[in-house]
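Engineer: Given the coordinates of chain Z, assemble chains U, X and Y onto it according to the supplied hints.
Number of protein chains: 4
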Amino acid sequence: MNQKEIFQQIANYWSNDMPFNQLLGLKITQFDCHQSEIRFVWQDKLIGNPMQNILHGGVTASALDLAGGIVAAANIIDQLDDLSPESILNSLKKLGTIDLRTDFLRPGRGQEFIATAKIIRSGNKVAVARMELHNEKNDHIAFGTGTYMVG
Amino acid sequence: MNQKEIFQQIANYWSNDMPFNQLLGLKITQFDCHQSEIRFVWQDKLIGNPMQNILHGGVTASALDLAGGIVAAANIIDQLDDLSPESILNSLKKLGTIDLRTDFLRPGRGQEFIATAKIIRSGNKVAVARMELHNEKNDHIAFGTGTYMVG
Amino acid sequence: MNQKEIFQQIANYWSNDMPFNQLLGLKITQFDCHQSEIRFVWQDKLIGNPMQNILHGGVTASALDLAGGIVAAANIIDQLDDLSPESILNSLKKLGTIDLRTDFLRPGRGQEFIATAKIIRSGNKVAVARMELHNEKNDHIAFGTGTYMVG
Amino acid sequence: MNQKEIFQQIANYWSNDMPFNQLLGLKITQFDCHQSEIRFVWQDKLIGNPMQNILHGGVTASALDLAGGIVAAANIIDQLDDLSPESILNSLKKLGTIDLRTDFLRPGRGQEFIATAKIIRSGNKVAVARMELHNEKNDHIAFGTGTYMVG
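Residue numbers (the numbering used here), protein chains in the order written: chain Z, 126 to 276; chain U, 126 to 276; chain X, 126 to 276; chain Y, 126 to 276.
Isolated chain Z (complex conformation) (with noise of 0.2 Å):
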């Protein structure tokens, strides 16, 4: 396998086999070492605020979250010689999010959501993405900045 043939069966996996991924609907559309892309669609079990029907912060949190990882993961398995199976997963064990911090700029309203991420540091060690969070009619509803193990 390809990098590429890689990365596609690591957003098959985590978008279809991670339990929490799932109930969310989050999938994985696009990632690569620089950025990657997550996309969700409403669903009622989302809400966070009845009274307004928008977003839990937890389910944007999420999002920005996973976005982040991905682009970490894709790091991980760049700085990789062997790319066989064991190894990728032996890499990826050490992925981890050190921290994360979530700026809600507007209510989470929409039909589909589009969590982005791109990285702003990468080492050896720690890698620290921003990510971003808009609706379909590109409203911009958060921000993110996460720090994540990678080594």
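Heads up, some of the hints might be wrong.
Said to hold, decoys possible - Within a straight-line C-alpha distance of at most 27 Å, the following computed BS3-like cross-link-like pairs (lysine-lysine) qualify:
(1) Lys152(U) with Lys170(Z)
(2) Lys262(Y) with Lys243(U)
(3) Lys250(Z) with Lys243(Y)
(4) Lys170(Z) with Lys262(U)
(5) Lys170(X) with Lys219(Y)
(6) Lys218(Z) with Lys250(Y)
(7) Lys129(U) with Lys243(U)
(8) Lys243(X) with Lys219(U)
What the hints assert, rightly or not - Quick partial rundown of chain Z residues pointing at chain X, CB under 10 Å, derived from the structure:
(9) Arg226
(10) Ile245
(11) Asn249
(12) Met274
Stated by the list, open to error - So the derived list for chain U, only partly shown, Cβ under 7 Å to chain Z, looks like this:
(13) Phe145
(14) Asp169
(15) Ile172
(16) Pro175
(17) Thr222
(18) Thr227
(19) Gly235
If you're looking for bench data, these hints aren't it; they were derived computationally from the structure.
C-beta atoms are modelled at their ideal positions from N, C-alpha and C, and glycine is treated no differently.
Structural biologist: Frame of chain Z; chains U, X and Y shown alone:
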């Protein structure tokens, strides 16, 4: 209704009628103007890392955000002269998370999880809370800091 | 005075009469309701790590906080009907940093440093700004996010 | 030298030979692997708001960053087998702040200020510390959270 009964009604409403809190099983077990406590039990659907069987970081963020939000809500209600349902509902519409920082300390393993929050800055416009997540063995899983709009 | 002249006066005041900004040599070179720019030159007294000759992290935080605070101040003034000095001074008394996050990306090396800020959330009570610090070679040294009380 | 003497030498060095710490008057009065204490006295040059005579937010951030950094440094040294000066200097080169969050609770007024830090996550790559700033009357002025590279 006195303030204690009002807080009890809000706890029931937030635990039982907020779809995302129900989905995660978050229960408000205590709250007043100074502190709050949220409890939830392990469920496989909350898994964020199937290789390690640990909570998704977004579950942790959701529980911490709720714990901080409810103590911020108590501060809003505490400043009201009129404790009619209309007045309370109207004042709670102003509540919103401005920003949330989560520090992940240990993997989210356990059978039951307890999120607690304390107010560290209270005002008539903005409140800031510090939160912690522990499991039933008192392992310290995460810290949080949330800034809330309250007026 | 029109708004532009008022902003110029405030820039002069904040650059020349604020003791800590003077001590660090922070100069407000531009600001309006959307963005701001602060510049300062390398001085040995700003060193935080004599083995490496790089800026103290607190210098970076100070410059980012000023850049964010000044654009928050512009938002306060922009909402005033009465642009008399008394009204402006009175409204600026409400300005305060609620919280500030600094992400350090690269060592703070250079001859001149440029901090920029953009408003990402503006309201009549709270404003949120994102900041960046670069050196004269456009190396990206730090990111910041600040939440400010404005009303 | 035993560990205690080494810590004393580092405290002297960081207090007396780090130009920005000297400029602000930051003195390391205590530190070990678990906690640290920094003290500094009021000086007019630390003023960030001449209308209110309070500390610049950057002074607060600087003191909190130093308090967290020194306890992270103690963790680095505690993991060394070789306590020669070369080994210690070499290991401290890895120390760096990844991110710092400051929560401002009250105006920075007082005659003396005390910053304290405690380690909340320690590892061989990354350490996380929580910090507090009080004045001589024990008024709580600020909270901080810092993530540090240690390996």
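Engineer: None of the hints should be skipped; say for each whether it holds.
Structural biologist: Results of checking the hints against the structure:
no.	hint	result
1	Lys152(U) with Lys170(Z)	16 Å, holds
2	Lys262(Y) with Lys243(U)	22 Å, holds
3	Lys250(Z) with Lys243(Y)	23 Å, holds
4	Lys170(Z) with Lys262(U)	30 Å, violated
5	Lys170(X) with Lys219(Y)	22 Å, holds
6	Lys218(Z) with Lys250(Y)	15 Å, holds
7	Lys129(U) with Lys243(U)	18 Å, holds
8	Lys243(X) with Lys219(U)	25 Å, holds
9	Arg226	6 Å, holds
10	Ile245	6 Å, holds
11	Asn249	15 Å, violated
12	Met274	15 Å, violated
13	Phe145	4 Å, holds
14	Asp169	6 Å, holds
15	Ile172	4 Å, holds
16	Pro175	6 Å, holds
17	Thr222	5 Å, holds
18	Thr227	5 Å, holds
19	Gly235	16 Å, violated
Of the numbered hints given earlier, the model fails hints 4, 11, 12 and 19; all others are met.
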